[in-house]
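Chain by chain, the residues run as shown.
Protein chains: 2
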Amino acid sequence: MEIKKEILELAQKSKDASASLAVLSTETKNRVLLSVADLLLEEKSYIQTENKKDIAAAQSKGISPAMLDRLTISDNVIDSMVTSLRELCSLVDPIGGIENLVKRPNGLLVGRMRVPLGVIAMIYESRPNVTIDAAALCLKTGNCVILRGGSEAIHSNIALAAIFKKALAAQQISVDAIQVIPTTDRAAITELLSLEEEIDLVIPRGGEGLIRFVTENSRIPVLKHYKGVCHLFIDKEADLEKAVRLTINSKTHRPGVCNALEGLLVHEAVAETFLKQLTDSMAEKGVELRGCERSKVILPHIVAAEESDWGTEFLDLILCVKIVTSFDDAKAYIQRYGSRHTESIVTENYTTAQRFIAEIDASAVMVNASTRFNDGGQLGLGAEIGISTTKLHAYGPMGLEELTTRKFVIYGQGQVRV
Amino acid sequence: MEIKKEILELAQKSKDASASLAVLSTETKNRVLLSVADLLLEEKSYIQTENKKDIAAAQSKGISPAMLDRLTISDNVIDSMVTSLRELCSLVDPIGGIENLVKRPNGLLVGRMRVPLGVIAMIYESRPNVTIDAAALCLKTGNCVILRGGSEAIHSNIALAAIFKKALAAQQISVDAIQVIPTTDRAAITELLSLEEEIDLVIPRGGEGLIRFVTENSRIPVLKHYKGVCHLFIDKEADLEKAVRLTINSKTHRPGVCNALEGLLVHEAVAETFLKQLTDSMAEKGVELRGCERSKVILPHIVAAEESDWGTEFLDLILCVKIVTSFDDAKAYIQRYGSRHTESIVTENYTTAQRFIAEIDASAVMVNASTRFNDGGQLGLGAEIGISTTKLHAYGPMGLEELTTRKFVIYGQGQVRV
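First to last, the protein sequences are chains R and A. Residue numbers 1 to 418, in this note's numbering, belong to the letters of the first sequence in order. Residue numbers 1 to 418, in this note's numbering, belong to the letters of the second sequence in order.
The hints are simulated quantities; they were obtained by calculation from the structure and are not laboratory data. On a predicted model such as this, the values are computed, not experimentally measured, just so you know. Worth double-checking, as some hints may not be accurate.
Identical chains share a label here; the pair holds if one copy fits it or two copies do between them.
Lysine-lysine pairs mimicking DSBU-like chemistry, simulated, CA-CA at most 35 Å apart [as the list claims (entries may be wrong)]:
no., residue 1, residue 2
1, K227, K4
2, K103, K285
3, K242, K166
4, K61, K296
5, K53, K227
6, K15, K227
7, K165, K276
8, K165, K61
9, K236, K15
10, K53, K15
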């Protein structure tokens, strides 16, 4: 009962603050962002002292070196937060612009104004820098944010939020615009997810378990990103030199991320030539190929793929290879095993390229480009708060615009309905 | 267990059909719509025979005359479905267009293509014509639809869907594009709402009870419309002649609908003059005024408002009147009692008008216009599937575009990420 009340009060404070956040000028918002950047540098030792408490606790529990790396706020991590904040100032503020103002036959001017969503809850794991990134994106778009980071980063997250609040207070903005849930009790999340009157959107960031938990328990709309099972389809009319280059880049540029290549589909007409061209560079880069029966005939030394390999997000130097008999065969495979994240084709054929763009269902569909380009920065959004693989509100990388909505505005001269 | 399997199989059929629906040409889709219109007229007697079964069952249960009216497929209802279908053909098909195709520094062309959502579930009450309206809007936007109407309209809904399927089959389109849940068992809804892999969106249409049930039980994103508690604010610089006309139209043009006026806010500086001008026409139209203490001083004969009247959706000839001391006072009242549906101001002051447009949070904000204009047809959307009062994906009237999403498309020339 105590936690229920605490979370409700916290969310109501956010809701109360949201009306004033919505009407802040771009100049004021940018002043806060620059001031947070300055304070992060000035108060680095305080932040790192708080961070060390989390690190010590984590080490005593024996967490993995990778987790420890994500938890640590090194000088580099601080510099990167500072750079992001300064870059965010240069982005266009979407709030308040009116799109498509058209005149109706009765003289009414009807348009759509971009406005903040209101209150956004971020539920995330590990990296404490998400605290600053998320708060900054929400402030720039006039939204209040409620942050619930991983329990292992609680001291770091509270310290970073304190820096942000200091910058808000200096500009006479309600410090409730950013709130960190002060408890690590998991019941707090369940409470938060029931507050559909106070909170407009929930964004979970983390493993599939966290995202499923949030989806299953939320009455509030959720923007989510499950996994990236990305494919590259080498068409029979592919330029094989491009095909090799794109395979290498998509698979090995950064294998541990969601837009890395996991499955290679090769048209049977070019399979032998292409796979023989590819195999050396894959070996050189340390990529393990797992092939279908037909590809094993061409490359007898590779591992035989199991049924469970198809559609798996390896996040590692492993690549499934499947020979397909046609465009439709490739399309059916992608429909079955893809995760609607990123799908790319290599082809020189105009009609095949346009069919792929039109018919493949994924948040990003590409022709002759590396899957690694499905990223907010690369696609020109300027900032990214995640990649949505569900279709409501946002599909693909989410930038500032995806943290807003549009209301109808009507300028009349006394019109009534007849 | 039986119903679980049945609903899952039905949803999987929809999902399987959705890929082919997504790539239909506009011509083909329009041919189906025209053919449904023709068939509705040709098979009128079959439809009305099936409808009579529902009417007889309803009468034996003793339902209200209003419910009976909504259930009946009269000749007029058929004509109105036919007109809507023919009008829908003339609307622009949003699917397949690419917006904002821009060139990135590395030469990639990046844009966003409008695509169907996939599978949409409609859960609605009473009016069987929603079966045709919803199926038509979903077909025009390349979506499959699963329909779950009220149990009292089951024969009518199955008959109307059969007409639609006949038109689909004649164009060699999968009849699974439209499916009616064949059982009236409520467990079917709960099952449906759990199928987040198969269904992309749920739209409930009906009373608040139905909408809350769907929201609380759905793992699938929901577009919903709770209620319309709409206000008109008569500013101190209002043109009082316009103010009277807009009050009458907003309140009495059609009092039983969601964009009808429920609360009148009057600036104290004009309250006496305005209310005295208004009172006769309200009496003439049979509107009961329920006033705050101060308005009772001006109009002693009106009913005193109870606390529970503020924020109530009367859907009747009742109007709350509240005298406010300032713009901020009106804004605070709207924030507290409004339902984010429609808010309108009457003023001749430029700055006050722009503040209202920018600062009031509602799906439609208006200056000098009747609240009755918050309607897809009136605002130029051409067709409407409801009005969203939540902010994700759609806020305000939902037309064809709101039944779609956008995916990123990338045209490359072999680019890799460096």
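Q) If you check each hint against the structure, which ones fail? A) 3, 4, 7
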